[in-house]
Amino acid sequence: MAVPTNKSELQLAIKTNYDKLVKELITIPHQQTMVVELEGHSKGTWMSINNLLAYLIGWGELVLKWNRDKDSNEVVYFPERGYKWNELGKLAQKFYQDYKEFDFKMLLQELDKTVSAILDLVAQKSNDELYETAWYEKWTLGRMIQFNTSSPYSNARNRIKKWKKGVHVLSINHC
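Numbering follows the working numbering, in which position 115 of the sequence shown is assigned residue number 109; successive positions increment by one, without gaps.
Think of the hints as simulated: they come from the structure by calculation, not from any bench. Built from N, CA and C at the ideal position, the CB exists for glycine as well. Do not take every clue at face value.
Derived DEER-like restraints, expressed as beta-carbon distance ranges [said to hold, decoys possible]:
{"id": "1", "residue 1": "Tyr71", "residue 2": "Gly160", "range": "28 to 38 Å"}
{"id": "2", "residue 1": "Asp92", "residue 2": "Trp40", "range": "11 to 21 Å"}
{"id": "3", "residue 1": "Pro23", "residue 2": "Ala128", "range": "44 to 54 Å"}
{"id": "4", "residue 1": "Thr127", "residue 2": "Lys158", "range": "20 to 30 Å"}
{"id": "5", "residue 1": "Ala117", "residue 2": "Pro23", "range": "32 to 42 Å"}
{"id": "6", "residue 1": "Thr127", "residue 2": "Lys59", "range": "16 to 26 Å"}
{"id": "7", "residue 1": "Glu95", "residue 2": "Leu6", "range": "31 to 41 Å"}
No farther apart than 27 Å at their CA atoms in a straight line, the calculated lysine-lysine pairs in the DSS-like style are these [as the list claims (entries may be wrong)]:
{"id": "8", "residue 1": "Lys94", "residue 2": "Lys37"}
{"id": "9", "residue 1": "Lys99", "residue 2": "Lys78"}
{"id": "10", "residue 1": "Lys1", "residue 2": "Lys119"}
{"id": "11", "residue 1": "Lys14", "residue 2": "Lys78"}
{"id": "12", "residue 1": "Lys99", "residue 2": "Lys156"}
{"id": "13", "residue 1": "Lys99", "residue 2": "Lys14"}
{"id": "14", "residue 1": "Lys17", "residue 2": "Lys1"}
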């Protein structure tokens, strides 16, 4: 899918990539979601499916926080207070910790809520607010949302598919 350049393309990219990710996720047996077998977000690290979901939730929640803070004329910390852009591996570890008590089902529900909130945010913004105005340095709000939603959803889906092939996951059918 091409990089979105307007509001409707962004909405479609988020929905499409998220739906594809969920279809992949719901075929994973619950007991395999806690096994640390996926390549992590930092070189030489490993994570579980649950960690991957925590990562996606964490970034989605940051997008919402950045927007709330900016709309309230408060200082926006990018990527997050206490972290620099070159410390994203440490930030991923924070996300894993933030959601370590959540089981797979809870993580799926939380991710769904986060995606819904992001889609609501996008719906409330005009195309001009999303794509015609610099929002963070040279990046537009739409691009910052895409960097942290539709693109990571596609990446996560590809990681899961690769993992499934490598460990011969016995998929379950949720009909």
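Hints, one by one, checked against the model:
no.	hint	verdict
1	Tyr71 <-> Gly160: 28 to 38 Å	holds, 37 Å
2	Asp92 <-> Trp40: 11 to 21 Å	holds, 18 Å
3	Pro23 <-> Ala128: 44 to 54 Å	holds, 45 Å
4	Thr127 <-> Lys158: 20 to 30 Å	violated, 41 Å
5	Ala117 <-> Pro23: 32 to 42 Å	holds, 35 Å
6	Thr127 <-> Lys59: 16 to 26 Å	holds, 19 Å
7	Glu95 <-> Leu6: 31 to 41 Å	holds, 34 Å
8	Lys94 <-> Lys37	holds, 21 Å
9	Lys99 <-> Lys78	violated, 31 Å
10	Lys1 <-> Lys119	holds, 8 Å
11	Lys14 <-> Lys78	violated, 31 Å
12	Lys99 <-> Lys156	holds, 22 Å
13	Lys99 <-> Lys14	holds, 17 Å
14	Lys17 <-> Lys1	holds, 24 Å
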